[in-house]
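> Please take these sequences and the hints and turn them into a complete structure.
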Amino acid sequence: MPEIRNPNLQTQGPAGGGGGGDMRSTMGFALLMLVVLFGYQYFFKPKQAETTATTQTQAQQAPQSASQPTASSQPAQPQLAADTAPQASANAVAVTAASETQTTVENERIRIVFTNRGAQVIHWILKDFKDTSGQPLDLVQPQSAARFGFPLSVFTYEPALTTQLNQALYQPSATGFLLAPNSLTFHYAANGLDVLKTFRFDTGYVVSVEAQVKRNGAPVRALVAWPAGLGDMEEFVPGKSRSGAVRTPSQFAWSIDGKQDSLTPTASGFLFWTNPGVSGNATFDLPYQYAAISDLYFAAAFMPEDINGATLVTLHNSVDLPSDLSDPNSPKKPADVLGLAVGDQSGYTRVRIYAGPKQIDVLNTIHATGPGGAADGPTLEGLIHYGWLGIVAKPLYLALRFLHGLMGAGAYNWGWAIIAFTAFFNMLMLPTRFYMMKSSLKMMRLQPKVDAIKRKYANLKVTDPKRSEMNTEMMALYQTEGVNMYGSCLPMLIQMPLFIAYFEVLSNVIELRQAHWFWLGDLSLPDPLHILPILIIVSMFVTQIITPSPGMDPTQRKMMAFMMPIFMGSFLWHYASGLALYWGTSNMINLLIQLGINQSSIGKEMHEIAAKRAIKKSGGKPPTIQGKR
Amino acid sequence: MTRILLAILDFYRRWLSPALHALNPDNRCRYLPTCSEYASIAIATHGPLHGFFLALWRLLRCNPFARSGLDPVPPAPLPRPFPHKPLP
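Top to bottom, those sequences are chains A and B.
Going by the working numbering, the first sequence opens with residue 1, and the numbers climb by one from there.
Going by the working numbering, the second sequence opens with residue 630, and the numbers climb by one from there.
No wet-lab data here; the hints were simulated from the structure.
Keep in mind the model is a prediction, meaning the values are calculated, not measured.
Incorrect hints may appear among the rest.
[As the list claims (entries may be wrong)] Residues of chain B clear of chain A, computed beta-carbon distances all greater than 10 Å:
1. Leu683
2. Pro706
3. Arg709
4. Phe711
5. His713
6. Pro715
[Stated by the list, open to error] Anything over 10 Å on all C-beta distances counts as not near chain B; from chain A, calculated:
7. Thr104
8. Lys130
9. Leu179
10. Asp202
11. Pro219
12. Asn317
13. Ile384
14. Phe425
15. Phe518
16. Met588
17. Asn598
[What the hints assert, rightly or not] Per the computed footprint, the stretches of chain B lying under chain A, defined by three or more beta-carbons under 8 Å from a beta-carbon of chain A, are:
18. 659 to 671
19. 684 to 695
Beta carbons: idealized from backbone N, C-alpha and C, even for Gly.
What follows is the structure, given as structure tokens:
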């Protein structure tokens, strides 16, 4: 392995090597510590939190009274053949339907299909979105819902009662097809039980739910549930798996008193104890402004109408899924299914439910209920997570949105927005680059004198205070020769967070889901034809070759010229193509700038100096790359 | 702790710095000593915590709007005088 020398390191000289022996052991120790830390997290992932069944006792238990006619046993609008048994006796009148029917409610954005078995939802379709197989997206995941329950079913603290209420045939106020705005009522009564569920629909995504369960006249604590997660859980969809993309599991997110927070189903995070996970079957009587299950792009959020009476139960189940989704026969691993049940402590639940995309425009218009009872509480915008570098990711996303808006409608404009933003950024750096080049040329001419100074101090370690005199001498030299130091850490310090910010935006923001740009079907998925990674490798390699850098050792330069493009290219092979688009644009711009520089007089002189130096270093024989000119 | 940080900085200077500087080869450090050298010296003379913050402030100052040129690490504080019995 050739001795790799860094021009900045040359100021240390042999002392760097001498001190390096000391450093090397410490470095090895530090590396070992890092390996242990990450290995622990990788191999010993914390087990799933055990489901603690903290069932609460009934809030009220009405005394059994024989003679208590339930006044609401008569159906309000008898439309279907109801098995009403009008009896003058004290027993309650049973209300149920004869057969299972479906009612479909539709508006511009959603189509909801109710079944009167349990008065729950079997399909909740978002008309503007498609799932990965091209069908309109259904928020109800059929397999897990069949096992754990359908949305808008009822949850009570007695499993037998819950099953009865969710299997009974309710009497609907209408069947068939309904256009929103509208309302739909389901009623069921039998043996002292009386359940009334009312749903109100409007022109948006929000559905208003009122539910009341009474047993012999006294209210039973019953909650409106969404037990089985969201249909967009990419874990469930076989076929095109998002290799390389991190699959975020569903989260339980909420807002109390304006403060938002969230939990993942299992304990996670770098500090395990700060994110303990959702145990399931735990009741929380807290004034929730909203409580939601949200996954990457969609969320189902409950907004209670009466915040102070709100109560909530978390539901956590797991389903065994094949670990490789494109191969149904691969070994199965458990996947988390998160659910929520929200209600009111008095037994009369009124809650608004938003089930839809986590789009910033939409969520900004939906307010939770404020203290006065009107919808003026915090918006649902807190549901959108921008990843761990959200501070940089959110402004980047807003900037991209601005550019996207400028270019008018059309889905492929997100790609152009990324390109425009990158180009703008690079152009901003251009004047500084020009000055840096001129100063760098002057310094290259001075290099022999600088080397002489460095040799004088070569036997001192970096941390020796006497070395500061070397810096003073060099500074004096620069001042006499009129060299201004124009460099800055800024481009580097910005490029790295920007890269991460792009990554976060592309993974977390729903507007970029399935956004295409020419051959790229989905900017948040890897490039299917791999054109962009290859372009990046080629452009980086060519840029490296034509850039003059006299300070570098030629073997080191060769290594850099091969390793860096391959490293970046292979990294971007597996990750979002939007990221590759950003990096590729940046590279192409750099390439063009470098070609321009090479044509200018400054560039030509730089190349001369570089070539002369390289020949001197290798003892008269021009090495391959630098000898090109 | 000091040695670990110094080892990390050494690793940066030998391996990461050439890679990062290859992208824009004219981008030298604005100051003398370079930011990574400054960080090493600061941590060595002032201890890990104080040195780390000195280095961080240096990184923030290394932008086109700041003065360039010589920027040595401020000298270490003198040790407090050791109380001793008065000399005869």
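> Indicate, hint by hint, whether the structure satisfies it.
So, going through the hints one by one against the coordinates:
1. Leu683: About 13 Å separates B:Leu683 from the closest Cβ of chain A, which puts it past 10 Å; holds.
2. Pro706: holds, 13 Å
3. Arg709: holds, 20 Å
4. Phe711: holds, 22 Å
5. His713: holds, 27 Å
6. Pro715: It holds; B:Pro715 is separated from chain A by about 32 Å at its closest Cβ, greater than 10 Å.
7. Thr104: holds, 57 Å
8. Lys130: holds, 39 Å
9. Leu179: holds, 58 Å
10. Asp202: A:Asp202 clear of chain B: closest Cβ-Cβ about 51 Å, beyond 10 Å.
11. Pro219: Non-interface label stands for A:Pro219: nearest chain B Cβ at 60 Å, farther than 10 Å.
12. Asn317: The assertion about A:Asn317 holds, with a minimum of 44 Å to chain B.
13. Ile384: holds, 30 Å
14. Phe425: holds, 13 Å
15. Phe518: Non-interface label on A:Phe518 holds, nearest chain B Cβ at 27 Å vs cutoff 10 Å.
16. Met588: holds, 14 Å
17. Asn598: Since the minimum Cβ distance to chain B is about 13 Å, A:Asn598 lies beyond 10 Å and the statement holds.
18. 659 to 671: This one holds; 10 residues, not fewer than the three required, reach chain A with a Cβ under 8 Å.
19. 684 to 695: Check passed, 4 qualifying residues.
Hint violations for this structure: none, all hints satisfied.
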